[in-house]
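Colleague: If you want the building blocks of each chain, they are given just below.
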Amino acid sequence: HLMQFMLLFSRQGKLRLQKWYVPLSDKEKKKITRELVQTVLARKPKMCSFLEWRDLKIVYKRYASLYFCCAIEDQDNELITLEIIHRYVELLDKYFGSVCELDIIFNFEKAYFILDEFLLGGEVQETSKKNVLKAIEQADLLQENQNEDWGSLSADDIL
Amino acid sequence: MCRHSEPLDRLRMPAPIRLRELIRTIRTARTQAEEREMIQKECASIRSSFREEDNTYRCRNVAKLLYMHMLGYPAHFGQLECLKLIASQKFTDKRIGYLGAMLLLDERQDVHLLMTNCIKNDLNHSTQYVQGLALCTLGCMGSSEMCRDLAGEVEKLLKTSNSYLRKKAALCAVHVIRKVPELMEMFLPATKNLLNEKNHGVLHTSVVLLTEMCERSPDMLAHFRKLVPQLVRILKNLIMSGYSPEHDVSGISDPFLQVRILRLLRMLGRNDDDSSEAMNDILAQVATNTETSKNVGNAILYETVLTIMDIKSESGLRVLAINILGRFLLNNDKNIRYVALTSLLKTVQTDHNAVQRHRSTIVDCLKDLDVSIKRRAMELSFALVNGNNIRGMMKELLYFLDLCDPEFKADCASGIFLAAEKYAPSKRWHIDTIMKVLTTAGSYVRDDAVPNLIQLITNSVEMHAYTVQKLYKAVLEDISQQPLVQVGAWCMGEYGDLLVSGQCEEEEPIQVTEDEVMDVLETLLQSNMSASVTRGYALTAIMKLSTRFTINVNRIKKIMSVYGSSIDVELQQRAVEYNALFRKFDHMRSALLERMPIMEKVTNGLTETAQTNGEAEPMKVEPKLLSTAPPSSNQANDLLDLLGGSDVTSVIRTVPPSKPNTVGGELLDLLGGLDLSG
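Line by line, the protein sequences are chains F and P. So in the numbering used here, spot 64 of the first sequence is number 64, and the numbers just go up one at a time. So in the numbering used here, spot 59 of the second sequence is number 1059, and the numbers just go up one at a time.
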């Protein structure tokens, strides 16, 4: 009872984030991504957010130009998965300040860090928005404070 | 490590391009080729940086590599670099390193095992954010070997008072158990007071861990049943507590935790009266008090319904649950309608009457625009058909059959046939329904439908004239739908005499001549649209008419002699044998081409249901051994198979057919319950 993966992609089908919670080869991941993106992009606005695909349930929602797409297993609650997706978007929004696709493109590593404070192994690890953001904030600070080796570079400049 | 360049050169060498700069640059590429070129150039640069063991900018280079990997380019040469980053003492390095490991490393490759030691060290790091990175990586992609090596560390962290780490350790433990189920026992002691935590993160992940353990081991399940009162209490507090900004979602306190608790309760209450009773009140409370205006409330209600239906709940509670689903069906939100239909499908067998009350709403969902909703509504509709509602339901389902997408037609047609067989209020209604399916979705009907229908028609003795008349008219209009045409041809061959005699009681008889019937059959024989099988049907039908029609024997003989040299081997064989029948065995012809008697349906022989109004009572029936020998001579046996042959699956019996007597019961129903669930 597990989220098998989460994909973020644009309306043109460009991948913006991929989080896999099951072991698959790169080739398999690419195949799944390609097929699923095609399937979801073909959906009409009047259709519901759930579809059956292979032996999985797919839950997806579009936020502006980005599709958030999760694969869950048969026993899982689709409606709460929508809430999980929404919570993640809220976290991104709080962190980046009115998040847009461009933020995620240019700061993808941060999008991953935030996701990894919210979900772990495909399950929710923290239900408080405040706590997730606090943890990220602290980790960012830690990154900032450990940059002696980079001379005068700020945390943002390290990468 | 080689250092060919002088320190001065090193100073002059520019720092590798920054991540965001690279992203910006790549995005300016106007073609795929241009992008590829940029990537290749940068990769070459990164490769030399790696070769030179550039510690300073390793994390920058790996980050860039991860970006390029996301675009679809190979990045395996960065795998070892990720390991070096993880081993570094700098937090930025570790952050990028672990991210890279999760994206680039694969538990199927041995190189991932090199991480194990680093993770072990980091699990014991003095900084909780480093420990967090390690727990996250292990819990996301740890292989069985890694899990075995590190389970002890995870177990230790599960007992820490640091809630930040404890919650992560719990989910990490879940992953370990999934990978190495034998290790589950070692986490048992640590679960002792997990639920005493106030911290919601720990509570949530603990509930997930307990759920995982209960799922995997009946012993664990029995052991954890004692937690039911505590879980009920926690859930109650969540519902009754006032507004808590930290966990509030549209007025509901921590819906994620509520849902997980409900799921664990489901598991614990299943098949256990005491536990089910202990949770009865809280379930009723959640079911009645949860706000339904937003998705979040409905998510909780949904989980509640699933729990109520799965445990040993009181009937009142079950009715409450089904009514919630009924209300869901009326919700504007299609997602809610979708889950309602899914759940109803699961409960329709056990709580049939309660679900029946929502039948009209379910039938309305057949008109929904969403494919998944339509499919579920269709399956549910079939499950709800009974002797009382058959006429109304069939009207809706035939309407649906007409308008639905091709992907549904085969299943819908099959479903209609099954339902009609079980519950047809009259023979005429049954034949009419079949006709409607054949004319509406004739080309989507399954292969086995044709012999089944032929048998049905044969056994409806008093409807023969009506049936052949209807089929004749339908075939005249459209010869493209093969199943329709095959059944039609068969009937024309069998009952052609009734057709031309103008005797039809059920409706206005039509005027048809023998020549006209022959014309239609010959058209089928010759048409490009006819499948090979169809031609076989038509040929045999023509042959049968030689004993039923009076004037056209020469025409028939002529056809047989022509097809005796058909390039279609099947047709050729038939025609040759029919010719032989004319020439050498003419004295046997009328006996061999006699009207088909009522057939016993050869099923798997397991159950035969007696037809009563709306209810089906299964009777056990021994598999029948059917005699293939007719009363006539041995020589005729060789020809018998030809006529009984591949067209129809049953065979001619010597035992006189039994006469069924009740209205609607004439139809031998040998099918058990409909099972159309997903």
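It is worth saying that the hints were derived from the structure and are not from the lab. The C-beta atom is built at its ideal place from N, Cα and C for all residues, glycine as well. Any given hint could be a false lead.
Said to hold, decoys possible - Reference excerpt, derived from the structure (chain F facing chain P, CB under 10 Å, subset only):
1) GLN4
2) ARG11
3) LEU79
4) TYR95
5) VAL132
Colleague: Which numbered hints does this structure break?
Modeller: 1, 2, 4
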